[in-house]
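Hey, can you work out the whole structure from these sequences and the hints?
Residue numbers (our numbering), protein chains in the order written: chain F, 296 to 654; chain G, 192 to 342.
Worth flagging that the hints you see were computed from the coordinates, not collected in a lab. Cβ atoms here follow ideal geometry from the backbone N, Cα and C, with glycine treated the same way. Check the hints yourself; a few may be wrong.
Derived list of chain F stretches under chain G, where covered just means 3 residues or more per stretch with a C-beta under 8 Å from a C-beta of chain G [what the hints assert, rightly or not]:
id: 1; segment: 438-451
id: 2; segment: 458-471
id: 3; segment: 557-569
id: 4; segment: 572-581
Calculated lysine to aspartate or glutamate pairs in the DMTMM-like style (CA-CA distance at most 25 Å, straight line) [as the list claims (entries may be wrong)]:
id: 5; chain 1: F; residue 1: LYS466; chain 2: F; residue 2: GLU362
id: 6; chain 1: F; residue 1: LYS631; chain 2: F; residue 2: ASP363
id: 7; chain 1: G; residue 1: LYS265; chain 2: F; residue 2: ASP363
id: 8; chain 1: F; residue 1: LYS575; chain 2: G; residue 2: GLU281
id: 9; chain 1: G; residue 1: LYS265; chain 2: F; residue 2: ASP474
id: 10; chain 1: G; residue 1: LYS340; chain 2: F; residue 2: ASP565
id: 11; chain 1: F; residue 1: LYS466; chain 2: G; residue 2: GLU281
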Amino acid sequence: MKNFWNNLYGWFDERLELKELVNFMEKKYVPVHRHSIWYYFGGVSLFLFIIQVATGILLLFYYKGTEDLAFESIQFIMSKVEFGWLIRSIHTWSANLFILAIFIHMFSVLFEKAYRKPREVTWITGVLMFFLALGFGFSGYLLPWNELAFFATKVGSDIVGAVPLIGEPLKIFMRGGEDVTGATLSRLFGFHVALFPAIFSSLLIIHLLLVQRQGMSQPMEFEGKKKHELKKMPFFPNFFLRDLILWLLVLNVLAILAVFFPSELGQKADPFAPAPEGIKPEWYFLFMFQTLKYFPAHIWFIEGEVVGVLLFGAAGILWLLVPFWDKRSSRGERNKLINYIGLFAVMFIIVLTILGWLS
Amino acid sequence: MNYSKNNFEKQGRRNFLKYLLTGGVVGFTGAVLYPLIAYLKPPKQADVEVSTVSGGLLSELEKDSGKIVRFGNKPVILVRTINDELRAFEATCTHLDCTVQYKKEMGVIWCACHNGKYDLAGRNIAGPPPRPLQPFRVVLKGDEILISKQS
Numbered sequence: 296m297k298n299f300w301n302n303l304y305g306w307f308d309e310r311l312e313l314k315e316l317v318n319f320m321e322k323k324y325v326p327v328h329r330h331s332i333w334y335y336f337g338g339v340s341l342f343l344f345i346i347q348v349a350t351g352i353l354l355l356f357y358y359k360g361t362e363d364l365a366f367e368s369i370q371f372i373m374s375k376v377e378f379g380w381l382i383r384s385i386h387t388w389s390a391n392l393f394i395l396a397i398f399i400h401m402f403s404v405l406f407e408k409a410y411r412k413p414r415e416v417t418w419i420t421g422v423l424m425f426f427l428a429l430g431f432g433f434s435g436y437l438l439p440w441n442e443l444a445f446f447a448t449k450v451g452s453d454i455v456g457a458v459p460l461i462g463e464p465l466k467i468f469m470r471g472g473e474d475v476t477g478a479t480l481s482r483l484f485g486f487h488v489a490l491f492p493a494i495f496s497s498l499l500i501i502h503l504l505l506v507q508r509q510g511m512s513q514p515m516e517f518e519g520k521k522k523h524e525l526k527k528m529p530f531f532p533n534f535f536l537r538d539l540i541l542w543l544l545v546l547n548v549l550a551i552l553a554v555f556f557p558s559e560l561g562q563k564a565d566p567f568a569p570a571p572e573g574i575k576p577e578w579y580f581l582f583m584f585q586t587l588k589y590f591p592a593h594i595w596f597i598e599g600e601v602v603g604v605l606l607f608g609a610a611g612i613l614w615l616l617v618p619f620w621d622k623r624s625s626r627g628e629r630n631k632l633i634n635y636i637g638l639f640a641v642m643f644i645i646v647l648t649i650l651g652w653l654s
Numbered sequence: 192m193n194y195s196k197n198n199f200e201k202q203g204r205r206n207f208l209k210y211l212l213t214g215g216v217v218g219f220t221g222a223v224l225y226p227l228i229a230y231l232k233p234p235k236q237a238d239v240e241v242s243t244v245s246g247g248l249l250s251e252l253e254k255d256s257g258k259i260v261r262f263g264n265k266p267v268i269l270v271r272t273i274n275d276e277l278r279a280f281e282a283t284c285t286h287l288d289c290t291v292q293y294k295k296e297m298g299v300i301w302c303a304c305h306n307g308k309y310d311l312a313g314r315n316i317a318g319p320p321p322r323p324l325q326p327f328r329v330v331l332k333g334d335e336i337l338i339s340k341q342s
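Here is the structure:
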C-alpha cells in the first residue's frame, strides 16, 4: 500500500515538481504571541463557507425558486426529505456563524493593523467578501418566500432605493420590477446560488493566495525584534491540526444548534396581507436598521432615511479603504485612532443590535 | 528626405491601424455589453389598469374595522370607522413599502414594520412615515362598496 502512494506521488512529482511545494509548506510558520488566538477565525470562516457551499448544493436538489413553489418546496424539505430539516437548519445556522466569524476575523485584523503595508489587497478582498456575505444573507433570506422574508426584502430593497440617483434603478434591478414579486425571488435566487458564489470564490482565492505568498502578519511590536526572539510554530502539522480540531468543534456546535433550534418557516408570503408584527431583519442588519429608526422623517429638506443610508455607505467605503488612510501603521508607528474607531464600531454595533433586539 | 517621408507615412499607417483597432475593440465591447445590460433591466409589466374595484359588502364589514382590498396589483386599505364612515387609502406605507393595517385599539392605520401611524384621513401622525397615504374614493352602490381612484 505504501508503495502505491509513493508511486502515485512519484508520478505527479515527475510532472509537477512537487518538491518545491513541499519545501514551501515546510517553511510556513505561524507567529506565536498573546494574540495568536485570532489567527484561527480566518480558518473558521473558511470552514463555514465550505459548509455553506456543501449544504447549499444539497438544498438545491429539492428547492424550487419560484413564487408558487418556493415555500412548498421548503416545507417538503423540512417534513418529507430525510434529514432535510438538518441540512436546512445547518445552512441557516452556519450562515449566521459565518457572518459572526467574519466579524471577529475582520475586527481582529483591524485591531492588529494587519492590513498595513504590504497587506492592503488582502484587507480589501476580505472586506469585499464581508459585503458579499451580507448579500448572501439578504438574498438567502427571501428564498423560503415566507411573510417575514417578503416584507424584510421589501423594506431592505426600499432602503436601497433611498440612495440618490442610482438608488431607484438599483432597486428595480434588485427587485426585477417595481415591486417585490416572483421576479424578485428568481433574481435573488440567481444572485444567491450563482453570481455571489462565483465572485466570492474568486476573491477567496486571491485572499488565500496572498496569505500564502506574504505569510501571516505579525504584531507590530514584533518589528525590530531579533529573529531568535520571535516565537513561531510550523503551520504543518502544528497549526493545521489545531485548525482541524477547532473545525470539528464548530461542526459539533452547528449540529447542536441545528438539532435544538431548527429553522422555522412561518406563513407563506401574501402580497395582499398587512405586514406582520415584529418584523425584523437578520441580526447582522439589525444595527443599521435600528440606527435608521432614530433618523427623523426629514433632516432639513432631505428624507432622514437618505441621510442614514448615505452615512452608512460612506462608512462602508472608509472601512474598505482603511489601509490607505491609515498611513501611520504602514510606517510602523502606533495609530491609536484606529483602535478608538474600531472600539467605537464594535460598541455601536453591539448596543444598537441589542436595542433593535429589544424593540 | 525620402526616408523621413517614408517614416511619416509609416506613422500614419500605424495611427490608422491604432484607431481602427481601438475603435473596433470599443465597438465590440459595446456590442457585447449593451444587450447584457438591457437584458438585466426588467421589462415594464403592463400595470393592470383598474379604475374601480369592489370592496365587498357593507354588511360584511364591521364598524371600527378594516381590510385589504386588491386594487390592480396594489393593495388598498378599506376602513369602516367607528362613526360609520368609509375610507380607503393606498395600503403601502410611505416609509419603507410595508403593507399597513387598521389598528382598532388605537383607532389608527398602523404599519407593523416601524410603528408608523396614520389617522383616518390618511395623514402621517406618528413614527417614520414621511408622507400621508394617498386616498381613494369610496362609494356605496346598494350594499356593495366600490373603491375607485380619485381623479
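So, going through the hints one by one against the coordinates:
no., hint, verdict
1, 438-451, "holds (count 3)"
2, 458-471, "holds (count 4)"
3, 557-569, "holds (count 4)"
4, 572-581, "holds (count 3)"
5, LYS466(F) x GLU362(F), "19 Å, holds"
6, LYS631(F) x ASP363(F), "54 Å, violated"
7, LYS265(G) x ASP363(F), "19 Å, holds"
8, LYS575(F) x GLU281(G), "23 Å, holds"
9, LYS265(G) x ASP474(F), "9 Å, holds"
10, LYS340(G) x ASP565(F), "23 Å, holds"
11, LYS466(F) x GLU281(G), "21 Å, holds"
Of the numbered hints listed earlier, the single one contradicted by the structure is hint 6.
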